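Now for the letters of each chain:
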Amino acid sequence: MGALVLLTYMLLNKHRELLIDLAVSRAAIAVDSVRGVVAGGYAAGLTLPELDAVGNLLPRLARAEDVRGVGVISIDRDGAHVLWSAGEFPASSIPPDWLRQTRRSAGVWSSSSGPLGIVMGRRLSDSNDEVVGACVMLIADTGIARQSDAARRSMLPVLGGAMLGACILLPLMLSGAARLRRGRLSTRLLVAALIAACVGSAGVSLLAVRQFTAHIEPAVNAKAETLAQFVSGQVDRALGLGIPFEGLTGVEAYFRDLLAQHPEVVQLRLEAPGGGRSYVLARDSGTGIAAVAPVGAVGSVTAEMRVVADAGLVARRVWEIWTDIAVLLMVSVVVFNELVSGALIGMREAGAADVPDVLPHELARLRLAMFLLILSEELTRSFLPLTIRDLAGDLQTVAGMSAISLPISAYMLCFALATPYGGNWADRYGSRRIMFVGCALSAAGFFWGGLDAHYGSFVAARCLCAAGYALATLAAQRSIVHQTTPATRAQGLAMFLGAASAAAICGAAIGGVLAQQFGRQTVFIASAAASLAALAVASATPPVRAAQADAPLSIAALLRLVVHWRMAAIFFGAAMPNKFVLTGFLFYLVPLAMMTEGYSANDVGRAVMIYFLLNAALNPLASRLSDRYGWRAGLVALGAALVGAGGLAGWWGGAAVLYIGIAALGAGTGLMSAPLQALAVEAGRESGAPGASSVMAALRTVERLGAMLGPLVLGALNSRLDYDMVMVVTGAGVLACLVLFSVAQGRTRAAEGCTP
Amino acid sequence: MMTRNLRLAASLLLCLWLGTACAAGDSPAVAAAAGKPYVIYMAVYRGCEEACRGFQDYFRKRGIAADFILRDAAQDASKIPDFVTEAKRLRPDIVVTWGTTVTLGMVGNWRKPDPARHITDLPVIFMVVADPVASGIIENERSSGRNLTGTLTLLPMETQFKSARSYLKFNRVGFIINPTEKNSLDARDQLRVVAEREQFSVIERELPVDVSGRPDASAIPDLVAQLVAEKVDLIYQGPDTFLITRAQALTSAAVERGIPVFASNESPVVNARALFGIVNKYEDCGRYTARQALRILQDGVRPQEIPIELPRHFSYLVNLPVALELGRYPPLKLLDVAEIVGQRNLPR
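Going down the list, the protein sequences come from chains A and B. Here the first sequence stands for residues 16 to 771, where the numbers follow our numbering. Here the second sequence stands for residues 4 to 351, where the numbers follow our numbering.
Simulated from the structure, these hints should not be mistaken for laboratory data. Treat the numbers as computed from the prediction; the structure is a model and nothing was measured. Just so you know, not all the hints are guaranteed correct.
Pair by pair, the computed Cβ-Cβ distance ranges are [what the hints assert, rightly or not]:
no.	chain 1	residue 1	chain 2	residue 2	range
1	A	Thr611	B	Gln78	57 to 63 angstroms
2	A	Thr317	B	Glu142	56 to 62 angstroms
3	B	Asp192	A	Ala275	36 to 42 angstroms
4	A	Asp112	B	Gly330	49 to 55 angstroms
5	B	Arg114	A	Gly255	54 to 60 angstroms
6	A	Asp112	B	Arg114	49 to 55 angstroms
7	A	Val146	B	Gln78	40 to 46 angstroms
8	B	Arg114	A	Ala275	52 to 58 angstroms
9	A	Ser120	B	Arg175	39 to 45 angstroms
From the three backbone atoms N, C-alpha and C, an ideal C-beta is built for every residue, glycine too.
The shape of chain B in the complex, shown without the other chains:
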């Protein structure tokens, strides 16, 4: 016992003296023991949006003291190497990364991480990464095998379509492919599999690409019209960034022709006119990531011991004004679980 205590004391002293040379896993425990706030380095891509705020809120609501060092790349990937250098110098208790680009830039591909260019000796947790395995951040979702963990964002497509049936009946689903984005092509392949399993047919239309190789947004209303002419019951809006940023054009064209849009992301329902979506809200993802981060900070769990998982809660978002406009009212049972977006304050 005595020997063990002596060894512990000696290693603590050594830690204090060596400072940065200590194993990364020890520092949160030291911070907690000293009652100091946790130092959390957050590297984000397009400002502190919902997931980032959800993460910080989780700490605040629980009264857990934390100093957040927020660094925004503002959609400029060239800034990321500076974040790596700074994080290595500041030695925070944990590093949080947002999105695929930032995460890959900070931790590198799992096959060949470079300790000079990437963070390897600090615990890192990522969020809002569409497919961390495909992007090479991790080998599999069970364990990263290194000083890294994270959370998933996208709900499995099969779950989305199964849940969609509690709102609407559909046999023909329209889908617009963006050939320039891998996300969109992956979604198309998945959709074909899910359609077979869930017994509906998929009507596909592809976005034309201009000479510079960019998809042509002006074609969206016409493609929607073609899908409507094919008598689709529903249009599925996948997770590709190009179409999500042009959700207004797509959803309005559909609603004007009386066809509901079912979205895989929060934004087309909340910011445009998609009728509904079964999504993991970014804010929830942020909160869930914070919970996992606390397991590292408070409980001393090593990041490689935490599997990369999806938050178990998902939101059934229903855009009320669109529902009223289309006359596609949510069933009574759904109202218990649905989150109503754009609720009007009717005088009653």
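Isolated chain A (complex conformation):
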């Protein structure tokens, strides 16, 4: 239901955005003529206030149908004032935002959030390219508002219908699914929910396309007409200079620029009426309605300029957000799955259903709490480096480290520092209490991070989140270790990782979508809310039975573990490099590199999702293989080899290698993480470690160290190398560590007398 409402909101927003874009780009063509006159004037030695021609031009521009008013502002050392205006235009107080935008953007700027409605402007420069003023146009938004209202009115019944349908359909399908005796109950319910969600959102989207086409098509046509007139004016000028029509040069290059500037235009055609030479440039695909403007005066038309606008524009724009819709669907399904798991526990507790029990059922509620907490952490993932970059402003380095990688590393450092305490405190004070504290710290960190806009305090807020996250997850892991037997431990941990993956899969992706629609700050607040929800669920878990507490892990014990060659090989040959790549590559390098390649937060979220999807898909399989056949070292080596190979793919360059790297990292991590934990616990036991949880704590500490170093090292490398070469270096490093791991494993096998 929530997904359907969000989907409708996104579609309506898209509709309005599209109408505004069209109105602004159409106005920009008119404003270009003012810029042309000013440039010509300065070339002839006149200054802006002397250019009366501009003043004479404005009333004509203001008469256009969707223009409320237009004005030319002069900007000099003494300030800004309106030189000429026509229609509705602020006479004296010029909004400071206009001046800021004019100074900042070399081309066209627009804003639709101020009290004056939709405003677009373009800077005017003198012959030394210094800003002397701006031409600002107020665009009538009555038409846009009317059309948006109409769209809203027509969408609401559709949404209501879809929701009603879902309300009727969902219980029917769920009860039907529950009665079916094939497959697992949760899977059946999931499939039923998925079908209901798909049908609902497909219905809403299909109807939206039809509704929008009716509104947006006239706007697209109007723009095509304006463009045709503008180009015909340019051609007319060339012919006026005496250049023959057949001798026009550079038409194709000129058309190519226009097509690049106006994405809704699919074809530009300039031709003499009676046949003869014609100039055509068209996109590969797309057909539509043509706007025609004659070149030359009435009675002596020498040519015709034809601009064809894309008829399928609306449909394409709406289908573009289908990827967002898919993300939304998946998120709703994952959340639904988590809730169903919770509900099934309730049913089982009431003796209402016969659910096979392998793991203690307390763990399922714990899983939900972990899911929510990790979700809060992942929501901001796709845009975190971008937020840091914006906050850092001109700050390039802090204490010799890249200003962008520092907060990520500080986060990881706090995580590493808090890790040993998480397990110990959980033993001493009870894991529920520590989880409670952890969730509260995390929520506070997100609130602070969302409210404050200073680099320093943002770093502090991130550290708070890290400490909370570390305490809560370690306490949860502690719970799992206590409540499982060695035989079911890998499965128990896989369940925990499953929750982490589920949250991570939807977290980054939905976070990207939400940030695009509502702004980054809102996502921070949503993260805080998710942490609070985790807190609520965690407080409802029963306190874990007092287990035989392991001796707390001291620094000395940690060092003893780490220096043991077998543990060292596992820690530094596999565990640490993997986390190093995860934070350095996926959390730091990928968002920045994708942004450089022109991708949005949305795209980054989806790319990060690939990692979590593959991780989640392979993780249960690897943990089963590990538990059933004892394949541990082999799976770890295979996973690390994949991660290393993914890094080497950077050699070929281009944005595609980022995706290859992400996929390899996801698959590799999925294969190695559960066997790695089991392998470490086993090796710890053989090396005389005080207990399983101290090995886990040592493993986490070493992993956090890697995670902390990742962004720092890759940040430093990235300041000297391109991102693809950074990938290659990282991949080579992972493979070198793998050699260390393999040699040590070979020695272990030889010592145990196993056949290789």
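For this one, chain A is given, so just place chain B on it according to the hints.
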């Protein structure tokens, strides 16, 4: 505060009494404070041409009151010492010098300026100097290190050729060297470097010199014919004065053989038949120099604090009649930025 005001008042009184003994930088501020017009001494070499007019226009258009004292050497360098004496006596707010000869005569070489023969205690600004570093007027373009600043005129050759490619494609460029002028030899050396970087080849021909050591202008059409026979796509007309004054002969010979001429200066495009040129118009240089002069006069910036710079704007001049005659029409995109020279008023 009181002490500071007293000191200011005392120094103003001292200025009025001592008259000429005051630091030069103070006088414009005093003139502005009193609302009097600025007194500007302009020493030029061949009359008040475009740059000189551009300079004066800049003041006029902005309604800034200024009295211009114009002195023309009329291409006679022996008059310059008189200008120095007169300027020292009149004590204008600023001295403007035009061209290398006048500027060197008024301010001397930067290594050994002579306060007796040169102006050292008045702010001076120069314009239309082809290479102020090579001619010894300044040590470098960052700062003159003395009571002097100025503006550059010639656009870097690499910029010219890069911009030329938006009009024409060319692989072979013809160039006529005038061995008697350093300007021409410098341009040849630069052209060789730019050609390598921009990947075109240069075909060079040298003007013959007669017994008296003067270049022979009558050889120009023949040299052009030789370049055309070498299948050049374009002839580059450099900044040397001798060929610029004979631009008509050079450009006509080229156009008659169907080859466009690309000029480094305004004059061959505007006054002869060069097809195009990417130039700093002298008028723009004059206006830009006026802007820099106002920084000294109005804002009280010291001349040595103003780097010697090129106006950032340049003009893409296209000679329309020649374009039509050669059938080398400017591309549509270029028409937005080009300044059309010799535009016909076609009945349309």
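Hints breached by this structure: none
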